[in-house]
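Assemble the whole structure, with the sequences as input and the hints as a guide.
Here is how the chains run, residue by residue.
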Amino acid sequence: MTQIVGTYLSYGQAARIKSISYQIVVWATLLTLMVPIIWLVIGAFSGLEALLSGNISRIFSSITLDPIRQVFFASNFFTYYRNSLVVAAGVVVFTVVASTLAGYGLTRVQFRGKKWLARLILFGYMFPPLLLSLPMYQIWRELGLLNSLFGLVIAEASVPLPFGIWTMWLFFQTVPLDYEESVWMAGGSRWHSFKDVALPQAAPGMIAVGIFAFQSAWNNYTYPKVLISEDALRPLTTGITQYAVQNYVFWNQVMAIAFTIVIPAFLMVYFLQKYLLEGYKATA
Amino acid sequence: MSSATDYVSSLVPRRWTRTTNSYLGDLFENEYALLVVCLGPALALFFLVAILPMAWAFNLSLYEVSTLNPVWTWVGPGRFVDILTSSGFQNAFVRSLIFGFGSVAIQLVLGVGLALLVNKDFRGDVLARALALLPYMVPAVVIGMVGQFMLNAQYGIVNLALLRVGILDQPVAFLGLPETAMATIMVVASWKFAVFVTLLTLARLQSIPDHFYEGATMCGANAWQKFRDVTLPRIQNVILIAALLRTLWMFNKFDIIYIMTRGGPGQTTTTIPLLAYEIAFNQYELGQAAAIAALMFVFLALWSVLYFRVARPEEEVRVA
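These protein sequences, in sequence, are chains A and B.
Numbered by this note's numbering, the letters in the first sequence go through residues 106 to 389 in order.
Numbered by this note's numbering, the letters in the second sequence go through residues 15 to 334 in order.
In case anyone wonders, no lab produced these hints; they're calculated from the structure.
In the DSS-like style, the derived pairs of lysine-lysine whose C-alpha atoms are separated by at most 30 Å in a straight line are: (1) B:Lys240 - B:Lys134; (2) B:Lys240 - A:Lys379; (3) A:Lys379 - B:Lys134.
Only part of the chain B face toward chain A is listed, based on derived beta-carbon distances under 7 Å: (4) Leu53; (5) Pro67; (6) Val152.
Just a sample of chain A residues kept apart from chain B, beta carbon distances all over 12 Å, derived: (7) Ser115; (8) Ser166; (9) Asp171; (10) Phe177; (11) Phe178; (12) Asn181; (13) Leu254; (14) Ala308.
Heads up, the beta-carbon is just placed ideally off N, CA and C, and yes, glycines get one too.
Below, the structure written as C-alpha cells:
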C-alpha cells in the first residue's frame with residue numbers, strides 16, 4: 106500500500122492530509138449551503154437600517170434583541186405558536202397510531218386485494234394537496250370543520266400518512282413472525298405479541314414517522330391557508346405571512362419570527378437525526 | 015433462530031393466557047376484526063381527505079359553480095376540452111413541467127452529492143449531517159421569505175455580493191424579471207427539497223457494509239470505480255423512488271412559489287396549482303378550478319403508472 110502512496114509521504118501522513126482536505130471540502134460546502142440560514146439569524150438580531158444598508162460592519166455593530174422583543178410583544182405570535190404546536194401534536198399522534206396499525210395489518214393479515222390496497226397507498230402521494238383543498242373547503246364547510254384546529258389536524262394528517270404507512274409496513278416486515286408465534290405458543294394472545302414483541306421492535310420506525318409527521322405539520326401552509334380564516338386560529342406558517350404582509354418593510358422582525366420557527370426544527374434534526382436515519386434506512 | 019424464539023418465549027409471563035384477554039385483545043384475535051382495527055383509521059382518513067374530495071372535484075368539474083352564486087349549472091365534459099385547448103392552461107402546464115422536472119434534476123444532483131459527502135465518519139459528522147438535513151425542516155414559507163429578502167434588488171445580500179465581486183454591474187430583481195423568476199424559484203426550492211433525496215440516499219449508504227469497499231480497494235479499484243461498482247448499484251433504486259416522489263410533490267408545489275412571486279411577474283411562474291388557486295379564490299370559479307384539479311390528478315396518475323412500469327420502485331420496497 107505504501108508503494109502506491111509514494112516515496113515522500115508515509116501512509117499515515119498521506120491519509121491525514123487526505124482526511125483534512127476532505128473535511129475542508131465538507132465544511133466549505135455546508136457553510137455555503139447554510140448562507141440563507143446564517144443570513145436569517147443575522148437578520149433576526151439586527152437593526153433595520155443597518156440591515157438594509159447591506160454594510161456588514163454596520164450590521165454587526167447594530168446587533169440587538171429588539172426585533173425578537175417587538176415580535177414577541179406586539180403581535181399574535183404566542184397564539185400562532187400555540188396553534189402550531191397543538192396541530193403538530195395532533196397530527197403526530199394520529200399519524201403514528203394510524204400508520205403503526207396499518208403497517209401491522211398489512212404485514213400480518215392475509216386478505217384478498219392486499220396488493221391492490223398497498224398500491225393505493227403508494228398512490229396516496231399523487232393527491233395534490235392544493236387541488237384537494239378546493240373540494241375539501243366545501244366538504245369542511247358542510248361538516249362545520251372550517252376554522253377549527255380539529256378540522257386542520259384531520260386535513261394535515263393526510264399528508265404524512267402514506268409515507269408513514271409505507272415506513273411502518275417495512276418495519277414490521279423486519280420483525281420475524283417466529284417471535285410472535287412463540288408468544289402465542291407460550292399462551293400469549295395476538296394483542297400481547299403485538300404490544301410486547303412487535304411494537305418495541307418497530308419503535309425506531311414509529312419515531313421516524315413521528316418526526317416526519319411533525320415536520321410535515323410544522324411546514325404546512327396550504328391547508329391552514331384554505332381552511333382557516335380566523336386570525337386567532339392561524340398556525341405559524343400562515344400567521345407569519347399575515348404578519349409579513351402587514352409589516353413587510355420590517356425585515357428584521359420578519360426574520361426574527363422566522364428564526365423562532367427554525368429553532369425547534371434545528372433542535373429536532375440535531376437530536377433525532379439518528380432515529381431519522383434509522384427510519385429512512387428501513388424504507389430504503 | 016431457535017434460541018431467539020426461546021428467548022422471546024421466556025419473556026411471556028404466566029398470566030398471559032387467552033382467558034385473561036382484554037377487550038382490545040379480543041378484537042385482535044379475530045382476523046377480520048384485526049383488519050378493521052388496523053386499517054380502519056387510515057382508510058377512514060383516506061376516504062375523507064383524499065377519495066371524497068377527489069370524487070367531489072370530479073363531480074364539481076362538470077358544473078359551472080361560483081362562490082358568488084349558489085346555483086350549479088351543468089356544463090358537461092366539454093369543459094375539459096375547453097381547458098385543454100386554452101392557452102392559459104397549456105402555458106401553465108408547460109411551466110409545471112419545467113419547474114417539476116428541472117427542480118427535481120437539480121435536487122437529485124445536489125441531494126446525492128451531499129449524501130455522499132456527509133456519509134463518511136469524520137470529526138463533527140453529527141453536526142454536519144444535522145446541518146445538511148436542516149433546510150428540509152424549515153417551512154417553505156420561511157424559506158420563501160428569506161429568499162425574497164436575500165434576492166431583493168435594493169438591499170438583498172445576493173445582489174450586494176455579486177456587485178462587489180463584479181459579476182453584475184447593476185442590481186437585478188431576480189424575482190421581478192420574467193427572464194429570471196422561474197429559474198430563481200427553482201434554485202431556492204431545490205435548495206430545500208434536495209434534502210429529501212439526501213435523507214433517503216444517506217440511509218441507504220449507511221447500510222452498505224464497509225467490507226464491500228475494502229474488497230474493492232484490495233482489487234485495486236479507484237474512487238470512481240468504487241462508486242460505479244459498489245455504491246451506485248445500491249443507491250440507484252432509492253434515487254428512482256426519490257425522483258418519483260419528488261416529481262409528484264414538485265408538480266403539486268404551491269406554497270414556495272406563491273410566497274415568492276404569487277405566480278408573477280405576469281404569468282411567468284404560474285404553474286398549474288397556482289392557476290387553480292387563482293381561478294378558485296380570485297375568480298370564484300370553483301367548477302373550473304375543480305376541472306383543473308381533476309386533469310392534474312389524471313396526469314399524475316398516468317405519470318405514476320408509467321413510472322412504476324419502467325422503474326419498478328416496488329421491487330425496492332419488497333427487498334426491505
